[in-house]
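*Asks:* Each chain, written out:
2 protein chains.
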Amino acid sequence: MDTIFKRRSIRKFRNGEIDQKKIEKIIRAGMNAPSAGNEQPWHFIVIRDRGKLEAITKVHPHSSMLREAEVAILLCCDVTLEQYEGFWVQDCSAAAQNMLLETTDMGLGSVWLGVYPIKERVDGLREIFSLPENILPFAVFPVGYPGEEKKENNRFDPARIHFDTW
Amino acid sequence: MDTIFKRRSIRKFRNGEIDQKKIEKIIRAGMNAPSAGNEQPWHFIVIRDRGKLEAITKVHPHSSMLREAEVAILLCCDVTLEQYEGFWVQDCSAAAQNMLLETTDMGLGSVWLGVYPIKERVDGLREIFSLPENILPFAVFPVGYPGEEKKENNRFDPARIHFDTW
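Chain order of the listed sequences is V and X. Residues 0 to 165, numbered by numbering that gives the first Met the number 0, are exactly what the first sequence covers, in order. Residues 0 to 165, numbered by numbering that gives the first Met the number 0, are exactly what the second sequence covers, in order.
Check the hints yourself; a few may be wrong.
Identical chains blur together in the list; that is why a pair holds if it fits in one copy or across any two.
Here are the simulated lysine to aspartate or glutamate pairs, DMTMM-like style, with alpha carbons at most 25 Å apart [unchecked claim]:
#  : residue 1 : residue 2
1  : K5        : D156
2  : K11       : D104
3  : K51       : E67
4  : K57       : E84
5  : K149      : E119
6  : K20       : E151
7  : K5        : E38
8  : K24       : E119
9  : K5        : E69
10 : K20       : D1
11 : K11       : D77
Hints in this document: simulated from the structure, not taken from any laboratory.
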């Protein structure tokens, strides 16, 4: 699937409006991820407020590109929705990967800004977005028109493939 | 992206050979996932040995479809490759989602059989595949020609979308 190989981390953005329909398409892809027992523990905060985007850069050390991004999506988990203990991170990661692929497929760019399990980032995001106790911020995804071009990256390494045993 | 919506958990398989090139394509997709600091901590064990597939069903309670599957892939993590503490689960989950999408795109079926962090499954898999201490079994993916047809599932829930704050 071409999109899997085209997807690269985009950290520079150029101007260009991104309407809510496009953002909804990305979130829709996230929501169609598999989850343990189909528990679907995710929530999504769409961020267009420039003050909030700026505030994130103060609590997340690798997020300065949010100043250039048209919009960002904060993926959160409602831990009370978890039915299979310890699996929510996997659910949200699968949703995240779907979001990145859909973004790429639409000609937009994004990058996975890890939040959980780093305490300072979790606490910082919780404060900015007034998250209740049961909502954990998982990762932030800036979304914008790519301001950098990156070639497909071949990460294939046959040494990582084993047959029938280690 | 259609494939994201076509992907469903396939637990019934029909006969049909799956050559190594196809399996390599699935693994290649997994290896192209993003990872924290590009740490790429993953390893893949391709399992065709019927005895090993049967052995997994004894330690994993939801894996009986492995008896029907032509082949399976065990996704593992080499924890010594982790550069950003606590992020390897997210890396492997993104790889897993790429694998499921590539499998779907090829007209094959699979399902994410969670292993980590359930201790009995981790220990059981470790023994079957003689995994060294630093290698953690993460999840198993049976691969086969779908023996069941599942319609696209609309999981979209606008109540999970928020704007600029909780």
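*Asks:* Each of the hints needs a verdict: does it hold here or not?
*Replies:* Comparing the hints with the structure gives:
no.	hint	result
1	K5 <-> D156	within (18 Å within a copy, 28 Å between copies)
2	K11 <-> D104	within (17 Å within a copy, 30 Å between copies)
3	K51 <-> E67	within (13 Å within a copy, 51 Å between copies)
4	K57 <-> E84	between (32 Å within a copy, 21 Å between copies)
5	K149 <-> E119	neither (31 Å within a copy, 43 Å between copies)
6	K20 <-> E151	between (27 Å within a copy, 20 Å between copies)
7	K5 <-> E38	between (30 Å within a copy, 19 Å between copies)
8	K24 <-> E119	neither (31 Å within a copy, 39 Å between copies)
9	K5 <-> E69	within (21 Å within a copy, 30 Å between copies)
10	K20 <-> D1	both (23 Å within a copy, 17 Å between copies)
11	K11 <-> D77	neither (31 Å within a copy, 32 Å between copies)
Consistency note: the structure conflicts with the earlier hints numbered 5, 8 and 11.
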